[in-house]
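Participant: Top line first, the protein sequences correspond to chains G and W. Numbering that gives the first Met the number 0 puts the first sequence at residues 0 to 259. Numbering that gives the first Met the number 0 puts the second sequence at residues 0 to 323.
No lab work stands behind these hints: they were computed from the structure. Keep in mind that a hint or two might mislead.
[As the list claims (entries may be wrong)] With a Cα cut of at most 25 Å, we get these calculated DMTMM-like pairs of lysine to aspartate or glutamate:
1) W/K149 with W/E32
2) W/K320 with G/E250
3) G/K247 with W/E321
4) W/K108 with G/D171
5) W/K290 with G/D30
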Amino acid sequence: MEILVCVKRVPDAAENEIEVNRDGSDIERDDLVYSVNEWDNYAVEEAIRIRDKVGGSVTVVTVGDEDAEEVLRREMAMGADNGILLSDAAFAGADGRGIAAILKTAVEKGKYDLVFTGALADDGAGQVGGMLAALLDWPYASVVNSIEILDDSKIKVGREIEGGNHEINEIDLPCVLSIQTGINEPRYVGIRGIRKVASVEIPVYGAADLGLSAEAVGARVSRADYFVPVLGAGAEILEGSMEEKIDKLIELLKAKGGLK
Amino acid sequence: MAGQVFAYIVYKNGVADDTAMELLAAAAKIDAEVPVTAVVTGAGAELDSVCNTLTASYPEVWKIDNPALAYPNAEIIRKALVNILPTGAIVLLPYDTFGMDLGPGLSIKLDSAYVADAVDFEGVDGSRLKVVRQEYSGMVSTHVLCDLSKGAVLTCRPGSFQPVDNTAAAGKVVDKSPDVGDLTVKRRYIQVVEAEKGDVDITKSDVLVSVGRGIEDHENIELAEDLAQSMGAVVSCSRPIVDAKWLEKARQVGTSGQTVKPKVYLALGISGSFQHLGGIKGAPFIVAVNKNPKAPIFQVADVGIVEDILEFIPELAEKIKESK
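Build the full structure now, drawing on both the sequences and the hints.
Facilitator: So this is what it looks like as structure tokens:
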């Protein structure tokens with residue numbers, strides 16, 4: 000199986016408090032810790048496991064600036080064979096459709112059986128995989144949490160649906176799948192692993208190399224601003240020392256039937 | 000101005016999902032004047048029954064009846080919709096695992112814009128719709144401008160649009176089944192496998208001690224179990240804990256896990272994504288403990304405590320044991 004995994008460099012929400020910047024034009028980017036999108040790690044791990052079982056190769060690709068190269072190297076340290084960086088000033092401000100159009104050209108440069116994306120990323124849209132599949136005219140399944148390779152031409156995939164149930168489908172290859180967290184346990188990547196791939200060359204392709212016009216990546220959807228919503232009353236925040244908070248909480252729990 | 004608006008109706012066992020009325024409300028926020036057409040796909044008597052019910056609220060209900068549509072396979076439904084919808088259509092879908100499956104590809108095939116997981120619409124300016132959505136699991140919100148000039152596919156977050164109480168539409172069912180065209184696809188539905196039952200049924204417990212990512216380590220699950228025991232409660236969790244295999248799937252609260260109705264819900268180190276909150280029903284007394292004062296869980300909790308749960312849980316457990 001030749002597998003392409005689309006990954007994204009994102010602010011690590013587990014390591015940062017995400018806040019709106021002063022004029023609402025962006026989130027506060029100073030001192031942000033970035034990492035590979037959590038869902039993408041599961042996608043890369045799944046690709047590596049499939050390759051190790053049935054042979055083939057795993058390529059990781061991302062759309063971004065030169066900083067995005069670090070996430071490709073991280074995923075190569077996990078075990079991906081190749082990395083591709085798609086980078087061009089013309090790609091800035093691309094919407095989901097634009098990113099899918101860029102990725103399509105990368106898919107067509109290779110000969111892939113499977114293309115994975117993460118089911119979601121930092122913006123919570125979960126859109127690029129489905130768009131990419133439609134642009135390629137390949138079948139698609141989203142929120143995939145199990146994959147079984149049946150033969151060279153078809154696979155069996157489980158999709159996570161509401162209530163913890165699984166929807167089982169058979170899909171013809173080539174196809175695009177968006178991968179859900181929990182499908183596997185992504186392996187740990189140590190400093191040594193990253194060092195090993197530090198000097199591997201990663202090709203960079205721009206709009207001209209990919210034959211993309213400005214129109215092809217033109218956005219129909221754009222972000223106007225960031226803001227912090229004014230919601231209802233919110234929680235009553237208990238103040239004081241740890242002990243005072245605990246005493247107050249125990250009182251409340253007793254009153255609400257939370258202690259038996 | 001906005002083009003023709005369509006709402007795709009999800010249903011189960013012959014009953015339309017709550018989102019059927021929510022999408023009607025969402026459409027009114029885009030343009031209160033434009034009539035909204037419900038689109039319903041399926042097969043046989045169940046489909047007819049759903050369509051007839053919807054005529055109370057929708058002026059027009061498009062029925063697409065085909066044996067291939069008996070199970071909602073998004074790949075097949077997409078093909079049918081592309082053949083039936085007019086150019087420039089605005090299509091509303093629920094943002095659930097079905098909408099995620101259908102929406103992005105549908106927007107490409109209709110050559111229209113796509114916005115996922117809208118939580119509100121703030122009107123149309125020229126050809127641009129102002130959409131409110133959230134990023135970073137609800138930690139920040141954004142306004143997004145969506146160009147409607149070639150139509151749009153918009154998925155709406157379940158529970159975000161207050162359903163309008165309209166049962167006077169006296170609408171009609173229009174049979175669009177003959178127009179679907181070829182429905183052959185390369186993804187075939189086989190079956191739904193029901194979730195495995197766990198050793199504890201968290202849906203039966205009045206008091207839940209629920210842990211999230213803030214618990215940090217597998218070993219620390221014990222702390223929550225100890226606290227739960229002292230309270231006479233049961234331990235549940237959010238998705239990352241199940242992904243890490245620290246607790247079994249049956250313990251997960253959320254749209255992709257269990258729907259619970261406790262009296263008291265103690266959320267420990269849980270940020271509060273909408274998928275998690277979607278699994279908590281019955282308006283329990285929610286206590287949130289989180290070291291991040293900006294965690295979205297504090298917006299929905301009754302009582303909030305800003306502390307590191309790893310220090311807080313053992314102290315709370317000890318105090319409760321002492322007080323007995």
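Participant: Now look at each hint and say whether the structure bears it out.
Facilitator: How the hints compare with the structure:
{"no.": "1", "hint": "W/K149 with W/E32", "in the structure": "19 Å, holds"}
{"no.": "2", "hint": "W/K320 with G/E250", "in the structure": "14 Å, holds"}
{"no.": "3", "hint": "G/K247 with W/E321", "in the structure": "15 Å, holds"}
{"no.": "4", "hint": "W/K108 with G/D171", "in the structure": "20 Å, holds"}
{"no.": "5", "hint": "W/K290 with G/D30", "in the structure": "19 Å, holds"}
Checked against the numbered hints given earlier, this structure breaks none of them.
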